[in-house]
Amino acid sequence: MKKIEIYKVLSNKQLTKDIYEMVLKGDGSWVTNPGQFINIKVTNKFLRRPISICDWSEASLTIVYKVVGEGTSWLSGLRVNDEVEALVGLGNGFTLDDKHLLLIGGGVGIPPLYGACKQLVKMGYKPTVILGFQSKDDEFYFEKFHELTDKLYVSTNDGSLGLKGFVNDVMVKNDLCDIPYLTCGPLPMLKAIYKTSTQNGQISLEERMGCGFGACMGCSIETKNGYKRICKEGPVLSSEELLWTKD
Amino acid sequence: MDKRLAVTLSGWELDNPVIPASGTYGFGYEFCEFYDINILGSIATKGTTLEPRFGNPTPRIAECEMGMINAVGLQNPGLEKVISEEFPKLQKVFNKKVVANISGFAIEEYVACAKAMDKQDIVGIIEVNISCPNVRHGGMSFGTDPQMAAKVTKAVKEVTSKPVYIKLSPNVTDIVAIAKACEEAGADGISMINTLLGARFDLKTGKPIIHNIMGGFSGPAIKPVALRMVYQVYEAVNIPIIGIGGIASAEDVIEMMYAGATAVQVGAANCADPYACQKIINNLPSLIDKLNIEKLEDIIGRAHR
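Protein chains in written order, with my numbering: chain Z, -16 to 230; chain A, 22 to 326.
There could be a bad hint or two in this list.
[Stated by the list, open to error] List of simulated lysine-lysine pairs, DSBU-like, C-alpha gap at most 35 Å: (1) Z:K8 / Z:K127; (2) Z:K24 / A:K244; (3) Z:K(-9) / A:K136; (4) Z:K207 / A:K136; (5) Z:K24 / A:K136; (6) A:K136 / Z:K28; (7) Z:K(-14) / A:K136.
Keep in mind the hints are simulated off the structure, nothing from the lab.
Can you build the whole structure from these sequences, using the hints too?
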């Protein structure tokens, strides 16, 4: 159900130099799938800021966001009890229909996979997780994932934590290329996973959005099954429908 | 429903002057989850072309101070599907007539669209877009030359008995000349203005944010430009004007009507807030009380008297 909700900030914590975790008090009952998102009104900006749900309960939402400009910078300055207006009930999210799934997150693409991981564990499954960061200083949520699964791998571009290299290097090295996957992160990473895996995956994509709820066609991309609005039919698309190439 | 809000466009009485602008409202039904869309005066439906169009590659959107740039490029399922699928879907949730926006790359395409729209009961007005800045070889080129604008107007008028409104581009030296040419060619009304051509560049990379480099700038920032142009065109023509450009509040509606608009269209505001049109309609009665306006029709063109 799409609607506008007012949330109250319960906490707003800095996790790394530019990554923040905000817990919001308010309706979380609309969330049906991990990977859905909310579109937050930020002060003095014309458009809202789409941010994926990291975790949720009946009466709360957790978002983990990166400060990239004035809008998210404003968000990072909010204090406990401040109010946030958000358009909620947006996006399709991940479908958790497979027993054994590989979850791969890169940087600020990691948060929606935390929600997916938590749900899968609740369902009695033990997902395998790969987290990719630029460097050790950018790491967040490793401990939180570790509480959910011991099948957890990390890579950093500079080798300061885990394997030196990219998440797809972790896949190859640890024989994880034959497991259906869920992923979110920077586009080059998503494409590398697409090429490396022998399986189909669910890929969460990012686009600059106008409305965020399917009206303006600002975020449409072409797929094998016609056009898809990232905000409405996405953000999660099946790897099979993307017009990407394996080579 | 407040009778004081009613306005008439070419003999068609609207409950109120608030119409979501083409391209910002899809075919209406996306907004049903937010509010009952039957409160609207009408809906200007998504720009329809003879053939289906995907539009431009992403990024198609760039935020601006007080507005946004879009370069969607007339994405639409094409005339046939709009009539066989989108209109019936809209009719299930909307019981008023629409402003059917059509676009083309050649006069024959406008004519084909107008011919088909003429047969649709749901269509109250045919709005001819000769001002899309986001497609090459056409669209806006018809809207920047008075002779071409007149040609399209005439051709469309010949194939329909429904009122024909021409949607004008602000990206011209003299919008009055184009409006006059449309009126002389038989246009029943003018919709104005479409978006202003704009661009944004990424501070870090120095590259354009929009894949197409340029796009249409809309939102509250363009309101003064729209007000000025509506004012000028109202002076020069005798056909009704639908005022478009930066409308985001009930106050904006009043101001646009003072300039000369009979009705208004709300565009970019729908992207920032899906409830924008509802809020405007809800706020109009108390605002006209406050301004001692007896009924909205009285204030059309007040700035000229």
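Results of checking the hints against the structure:
no.	hint	result
1	Z:K8 / Z:K127	holds (21 Å)
2	Z:K24 / A:K244	holds (22 Å)
3	Z:K(-9) / A:K136	violated (54 Å)
4	Z:K207 / A:K136	holds (32 Å)
5	Z:K24 / A:K136	violated (43 Å)
6	A:K136 / Z:K28	violated (42 Å)
7	Z:K(-14) / A:K136	violated (39 Å)
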